[in-house]
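Asker: Here the protein sequences line up with chains V and W, keeping their order. All you need for this note's numbering is the position in the first sequence, starting with 1, plus 15. All you need for this note's numbering is the position in the second sequence, starting with 1, plus 60.
None of these hints come from the bench; they were simulated from the model. Predicted model only: the values in this text are computed from it and were never measured. Do not take every clue at face value.
[Unchecked claim] Footprint (simulated), chain W over chain V, 3 or more residues, beta carbon under 8 Å:
| no. | segment |
| --- | --- |
| 1 | 54-67 |
| 2 | 104-110 |
[Stated by the list, open to error] Taking lysine-lysine pairs in the DSS-like style, the calculated list, with each CA pair at most 27 Å apart, reads:
| no. | chain 1 | residue 1 | chain 2 | residue 2 |
| --- | --- | --- | --- | --- |
| 3 | V | Lys50 | V | Lys98 |
| 4 | W | Lys231 | W | Lys161 |
| 5 | V | Lys139 | W | Lys126 |
| 6 | V | Lys117 | W | Lys126 |
| 7 | V | Lys139 | V | Lys50 |
| 8 | W | Lys231 | V | Lys139 |
| 9 | V | Lys98 | V | Lys182 |
From the three backbone atoms N, C-alpha and C, an ideal C-beta is built for every residue, glycine too.
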Amino acid sequence: MDYTMEDTQNSAPDSLEATKLNAGAQRNDTQSVTKRLQAELMQLMLSPSPGISAFPDADGNLLSWTATITGPTETPYEGLILKLSFAFSNNYPYAPPTVLFKTPIYHPNVDFSGRICLDILRDKWSAVYNVQSVLLSLQSLLGEPNNASPLNAQAAELWDTNQEEFKRHVLARHRDLDDE
Amino acid sequence: MNPLSPEEMERFQKLSNEFEPDVQGPLVSTKQSSHAIAVEYANADPTLATKTGTLAVTHPMTRIMKGDGNCGWRAVAFGYFEMLFALRDPSRVQRELARIKSLNTLMDQVGQEEHLYEIFVDATEDIFAQISAAIQNGTPDESFLVDAFNEEYSSNSVITHFRLLTSAWMKLNPHRYQAFLPLPLDQYCATQVETVRTEIDEVGLQALVDCVIEGAGLGVEILYLDRSEGEAVTPHQLSPNRPNIATIRLLYRPGHYDLLYRAEPTVNMAPVVNYQYAMTSNYSPWEQGALSFDVNPHLMSIPNLMADPSYGMAPSPIMSPVSPTPAQQSTSPFRVSSPQDMFHSPVPSHAPVPSTIPISSPPPPMTSLPSRSSDGPQIRLNPLVMKPNLSRSLPITTPFKK
Numbered sequence: 016m017d018y019t020m021e022d023t024q025n026s027a028p029d030s031l032e033a034t035k036l037n038a039g040a041q042r043n044d045t046q047s048v049t050k051r052l053q054a055e056l057m058q059l060m061l062s063p064s065p066g067i068s069a070f071p072d073a074d075g076n077l078l079s080w081t082a083t084i085t086g087p088t089e090t091p092y093e094g095l096i097l098k099l100s101f102a103f104s105n106n107y108p109y110a111p112p113t114v115l116f117k118t119p120i121y122h123p124n125v126d127f128s129g130r131i132c133l134d135i136l137r138d139k140w141s142a143v144y145n146v147q148s149v150l151l152s153l154q155s156l157l158g159e160p161n162n163a164s165p166l167n168a169q170a171a172e173l174w175d176t177n178q179e180e181f182k183r184h185v186l187a188r189h190r191d192l193d194d195e
Numbered sequence: 061m062n063p064l065s066p067e068e069m070e071r072f073q074k075l076s077n078e079f080e081p082d083v084q085g086p087l088v089s090t091k092q093s094s095h096a097i098a099v100e101y102a103n104a105d106p107t108l109a110t111k112t113g114t115l116a117v118t119h120p121m122t123r124i125m126k127g128d129g130n131c132g133w134r135a136v137a138f139g140y141f142e143m144l145f146a147l148r149d150p151s152r153v154q155r156e157l158a159r160i161k162s163l164n165t166l167m168d169q170v171g172q173e174e175h176l177y178e179i180f181v182d183a184t185e186d187i188f189a190q191i192s193a194a195i196q197n198g199t200p201d202e203s204f205l206v207d208a209f210n211e212e213y214s215s216n217s218v219i220t221h222f223r224l225l226t227s228a229w230m231k232l233n234p235h236r237y238q239a240f241l242p243l244p245l246d247q248y249c250a251t252q253v254e255t256v257r258t259e260i261d262e263v264g265l266q267a268l269v270d271c272v273i274e275g276a277g278l279g280v281e282i283l284y285l286d287r288s289e290g291e292a293v294t295p296h297q298l299s300p301n302r303p304n305i306a307t308i309r310l311l312y313r314p315g316h317y318d319l320l321y322r323a324e325p326t327v328n329m330a331p332v333v334n335y336q337y338a339m340t341s342n343y344s345p346w347e348q349g350a351l352s353f354d355v356n357p358h359l360m361s362i363p364n365l366m367a368d369p370s371y372g373m374a375p376s377p378i379m380s381p382v383s384p385t386p387a388q389q390s391t392s393p394f395r396v397s398s399p400q401d402m403f404h405s406p407v408p409s410h411a412p413v414p415s416t417i418p419i420s421s422p423p424p425p426m427t428s429l430p431s432r433s434s435d436g437p438q439i440r441l442n443p444l445v446m447k448p449n450l451s452r453s454l455p456i457t458t459p460f461k462k
């Protein structure tokens, strides 16, 4: 008596229907990602947070953004302008954006390619995190590195042992990026 | 200190982050025989083999969830919507939609921002709309729901919505959950509940049921498949003190949840029975003097054989050939039933009476059998249509109960 049901679910008209639905769904995905990113952009413009900014790249593609963080006071990064890139997938916000420091930065949790080790950008990502909350997290990471899992072991060690030397490395590595 | 360079570390970290277990199949499968689970364990530990063998009888159908880190969340969410559809009560669907939307205040209270959570709520609302439409259109089965849940983006949106509701609920009722958590509740919510791929654990599941499912009048039962003693999976009711109109059943194997369905036939069977009856009754009996299907004394003598309680309410069995319901009903003999379904008027009241068959002259079996009373319970015998019902009336599952 099961196969009556099997038949209805596997019959050709149903599969066709499913294909059509999926094609429509793909379009909806892109629309949903766009809608979400527009909402984030709106929020960033309506209530900006001090020291951070972000805007979609000029190419009209909402899936890639450029952001800046101003180095917080009383940290080795004070006053430095740090640029970052955000790349969003079609599955955003169910997958974290790929975030890179474009400005060369000396930091225990950032490698020399600008890749960042931060749990919320990996397995602890939540769909309610967003450009603003990621930038705020990175801003606080500048003043409070996670030295338990460093990408730059030397920086981690210096941070703990010699803050002055650490700051010298920060300034030596820093290079302001021109606007493209 | 560490033999790996930062680049290598990063490369391994990246590989590790991007690792996804090789899981196959759809996010939510069609309903299938749980016999496959028994086969899977046939050569495993004897306890597991016995338990899965029993399970295939007590819970003959299952729905496999993809093991992608969301299976428990997805199983409960799907079970919730499937049950709402199966109850086929449009006003209940509307009430549920209103209730779920009213829970937005929970998210507001814990500081979630509407511009972020609204797309999740929208996705849930869309599923409700699909269910309402399906009930209205008399859609025969839940395959539209399976399709919707296999569309990854909207599936994830609904799951995220339920995750955020659960998290908000836990933060607003910390006294109920903190004692069961190994870490501070806020941290638990941030790292286990609000994330996009963290599997649900028991505390999270309880909170999900408390916040989202219980208010719908639905229960959740987990059936644990483990090596503990016994011949059947161990059931655990998540809201034992509340009356439920229906129960979502989950099969739990360490780290994974699937849906299970008990051996419950469709209860709203009267149109099917009448349909068959009327079909045959248009012809004269193939053997004069043969016992009618309706009153076979041998079957009458079987104690507790399904007596059709709906007969007295049925206006006339010959009305049903024009009813569209029988064909639809027969496509899903295991549709989860509910008390609401159980005592519906068996024949749509608006079904027109075919003018070619005068009501005053009933079909031959009825006229030739004076013993049939018009108001008492009747035994229906057509083996085609009795089959699903027998499983309820005959104690076939009893040998497996302890």
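Asker: So which of the earlier hints does this model not fit?
Answerer: 6
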